[in-house]
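Engineer: Next come the chains, spelled out residue by residue.
There are 2 protein chains.
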Amino acid sequence: MPVHLDPPKPEALLSISGVRLGIAKAGIRKPNRKDLLIVEVAEGGRLAGVFTQNRYCAAPVIVCREHLATKSEIRALVINTGVANAGTGETGLANARASCGAVAEALGLKADQVLPFSTGVIMEPLPVDRLIAGIPACVADLKPDNWAAAAEAIMTTDIVAKAVSRQVVIDGFTITVTGIAKGAGMIQPNMATMLGFIATDATVGGEALAHLTRYVAERSFNVITVDGDTSTNDSLVIAATGHAGNPRIIGEGTAEFARLCEAVLEVAQILAQAIVRDGEGATKFITIAVDGGATRAECLAVGKRIAHSPLVKTAFFASDPNLGRILAAVGNAGIADLDPTKVTLHLGEFLVAERGGRAASYTEEQGKAAMKPAEITIRVGLGRGDESATVWTCDFSYDYVKINADYRS
Amino acid sequence: MPVHLDPPKPEALLSISGVRLGIAKAGIRKPNRKDLLIVEVAEGGRLAGVFTQNRYCAAPVIVCREHLATKSEIRALVINTGVANAGTGETGLANARASCGAVAEALGLKADQVLPFSTGVIMEPLPVDRLIAGIPACVADLKPDNWAAAAEAIMTTDIVAKAVSRQVVIDGFTITVTGIAKGAGMIQPNMATMLGFIATDATVGGEALAHLTRYVAERSFNVITVDGDTSTNDSLVIAATGHAGNPRIIGEGTAEFARLCEAVLEVAQILAQAIVRDGEGATKFITIAVDGGATRAECLAVGKRIAHSPLVKTAFFASDPNLGRILAAVGNAGIADLDPTKVTLHLGEFLVAERGGRAASYTEEQGKAAMKPAEITIRVGLGRGDESATVWTCDFSYDYVKINADYRS
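Here the protein sequences line up with chains A and B, keeping their order.
Note that the first sequence covers residues 1 to 409 in the UniProt record's numbering.
Note that the second sequence covers residues 1 to 409 in the UniProt record's numbering.
It is worth saying that the hints were derived from the structure and are not from the lab.
Please note that a few of the clues may not be correct.
No distinction is drawn between identical chains; accordingly, a pair holds when it is met within one copy or between any pair of copies.
Said to hold, decoys possible - Straight-line alpha carbon distances no greater than 25 angstroms define the calculated DSS-like cross-link-like pairs of lysine-lysine that follow:
id, residue 1, residue 2
1, Lys110, Lys30
2, Lys402, Lys368
3, Lys30, Lys368
4, Lys25, Lys143
5, Lys9, Lys25
6, Lys372, Lys402
These numbers come from a predicted model, not from an experiment.
Model the full structure from these sequences, guided by the hints.
Structural biologist: Have a look at this one:
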């Protein structure tokens with residue numbers, strides 16, 4: 001079961017003026033489940049996205065990049081679950097384009113004003129006829145207060161829907177930010193996870209929004225991992241409708257930009273952490289904080305290496321303080337000139353390792369006590385500089401194997 | 001249970017003239033099991049080793065490197081299981097050195113003529129007094145035909161002991177090669193696995209032997225992976241006693257060198273594959289052959305990425321041809337300019353993917369049939385050049401989680 005994660009309360013999700021959402025049961029892969037979502041953004045809004053670095057990226061990701069490059073105003077997203085439309089060659093591209101064309105026609109737009117997204121099984125053909133047949137029901141359902149249903153519509157092996165809202169006051173204007181995401185497996189996003197969608201009514205310039213999107217992705221979706229597998233479909237899109245009426249935020253160095261960044265980052269981190277809490281088979285939520293690095297990149301490398309080690313993850317599942325496995329992972333992180341005698345390891349509040357070995361003060365009882373809770377923080381000090389990074393992950397349980405051995409059946 | 005792997009038949013293991021092995025039950029971590037091994041190499045033998053690249057390398061690995069650097073003639077190895085003596089700081093180094101000193105004293109050698117090896121739990125202190133107390137029993141047991149017992153003495157979570165012999169005729173002289181290894185978990189050797197020990201009676205020069213050791217490691221232990229975790233203790237040592245009487249093999253380009261290389265590589269590959277067949281929880285043995293690469297390094301990167309993907313490994317456990325997961329792993333292997341439309345994927349004899357998508361000829365029935373056997377070959381063509389590499393791995397089952405959640409208890 002997800003670690004300390006309740007379904008979002010629909011009444012806690014705030015509408016974003018200028019954004020409407022419509023859901024349908026299109027029967028993409030299985031009958032009678034919400035599996036198609038259209039998000040409509042009002043004229044004048046701005047949108048930025050980051051996408052998977054997987055070279056086998058999905059057809060919809062390729063089409064998203066094409067449509068964003070045309071500089072047309074993006075006015076709608078179409079998202080299906082069930083089939084990822086990845087590893088589907090030319091037919092897959094044609095299907096993704098056809099989906100955009102059909103949504104554009106239904107909403108009175110051009111095809112390149114629509115971005116397509118898919119999630120589900122890889123290498124299966126997208127049943128584009130069923131998708132297109134579902135569009136009228138989505139359009140009929142379009143409304144601003146549909147965020148909870150939208151979060152449900154993008155779930156695959158997720159157990160709990162993920163959605164959150166925050167507000168911040170900038171220049172006297174109340175700015176609202178609402179986001180949804182899905183995750184569960186094939187989760188080591190590298191640019192962002194499939195699918196994160198965040199909207200705000202802030203008025204913000206195009207370049208500032210693009211910068212904000214990259215900044216937020218690097219510190220939220222890009223620092224979580226469930227299984228170290230980067231999906232073919234990862235996409236994070238942030239839309240700003242400008243309906244809040246605040247003066248346009250354009251400079252990256254301004255106080256207004258910083259405040260908006262903070263609010264969007266909080267939403268993104270809650271969503272990203274929710275994906276880990278609902279990671280396939282997760283029983284623990286683990287925060288890995290690495291500091292004392294010469295670069296942020298090497299701190300991230302250490303954090304990810306620990307987070308990807310099946311030996312570390314199974315030890316957490318067992319609540320077994322087999323902490324040498326963490327040291328071994330630190331040693332494997334690719335820092336050629338790492339000096340193990342300068343490395344420190346804390347488990348919760350307890351100092352576990354220093355000077356290349358076990359700390360004199362450490363006891364097995366401390367380790368057992370620290371491993372018990374469902375939320376655990378590991379701190380690694382590298383003793384090389386002032387940089388730091390934080391990675392969030394979950395443990396590795398029987399249920400991860402069960403879920404992934406069963407996924408297609 | 002191990003995949004198609006039977007315990008070695010003691011009578012099939014050939015003695016190497018100039019090598020004697022002695023075993024004891026020293027009670028290192030648990031009572032009443034073979035856990036201490038001394039290998040003695042006669043005067044005039046040569047020895048080369050490769051060791052883990054993990055920066056948190058174990059104390060015995062540090063001492064091995066020191067002793068090999070002194071250029072003293074190495075005459076003995078001392079190997080304990082139960083405790084890895086890694087992450088043990090200055091005390092660990094002192095304990096490793098004390099072990100060498102005690103073995104040297106018992107055999108009339110200097111301490112730097114002894115190499116120490118340990119395998120087991122990380123960050124626990126080595127009970128050096130019990131180790132030293134076990135040395136006389138090992139020495140009393142020294143004999144040439146003790147390879148089967150030696151293979152048993154180095155097991156940890158291994159189910160089956162690993163040992164093999166081969167003979168080759170060079171310049172009219174019969175050369176014998178015998179090796180032992182252990183593995184099971186924390187297996188992605190990077191230089192070699194803890195512990196591989198291979199001996200031959202060939203007469204071979206020091207530089208040629210060092211070259212041979214690196215060549216063999218790169219194509220055997222360094223291309224296997226169970227869980228992607230590189231151990232702190234990986235070590236491969238090859239000893240050549242020179243007792244076969246053949247003319248000394250010195251040139252790397254000679255036909256004699258090539259023949260010896262082939263025989264030692266065969267032994268090393270059988271041992272390395274045996275480690276995978278006996279990987280923790282393994283139910284399948286998977287060969288990943290990557291060709292068409294621009295470099296051998298990128299072929300290895302693709303092979304390792306597939307072999308490390310928990311999603312791929314759990315699909316194999318389930319015999320589920322969820323082959324999009326393999327394409328996703330290929331896309332994640334870090335080849336920035338990979339063109340997915342040129343990639344081909346074969347599962348067994350069946351072409352699965354080409355031109356960026358599923359092959360027209362592929363059927364789900366083919367996939368199901370190909371996933372059924374306990375031994376499966378995947379072939380990936382990158383369409384970029386003439387280089388190739390092969391990686392061996394196993395699947396990921398409930399038992400991997402069970403074994404590693406229980407390991408210390």
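Engineer: Against each hint, give a clear statement of whether it holds in the structure.
Structural biologist: Consistency of the hints with the structure:
Within a single copy, Lys110 and Lys30 get their C-alpha atoms no closer than 30 angstroms, and across copies no closer than 73 angstroms, so neither meets the 25 angstroms cut-off. For a Cα distance limit of 25 angstroms, the shortest separation of Lys402 from Lys368 across copies, 19 angstroms, qualifies, whereas the shortest one inside one copy, 27 angstroms, does not. Taking identical chains as interchangeable, the C-alpha atoms of Lys30 and Lys368 lie at most 25 angstroms apart only when they sit on different chains, with a minimum of 22 angstroms there against 44 angstroms within one chain. Within a single copy, Lys25 and Lys143 get their C-alpha atoms as close as 16 angstroms, which meets the 25 angstroms cut-off; across copies the closest is 74 angstroms, which misses it.
Proximity of Lys9 to Lys25 under the C-alpha cut-off of 25 angstroms is restricted to the intra-copy arrangement: shortest distance 22 angstroms within a copy versus 62 angstroms between copies. Taking the shortest alpha-carbon separations for Lys372 and Lys402, both the intra-copy value of 24 angstroms and the inter-copy value of 18 angstroms come in at or below 25 angstroms.
When held up to the earlier numbered hints, the structure conflicts with hint 1 and nothing else.
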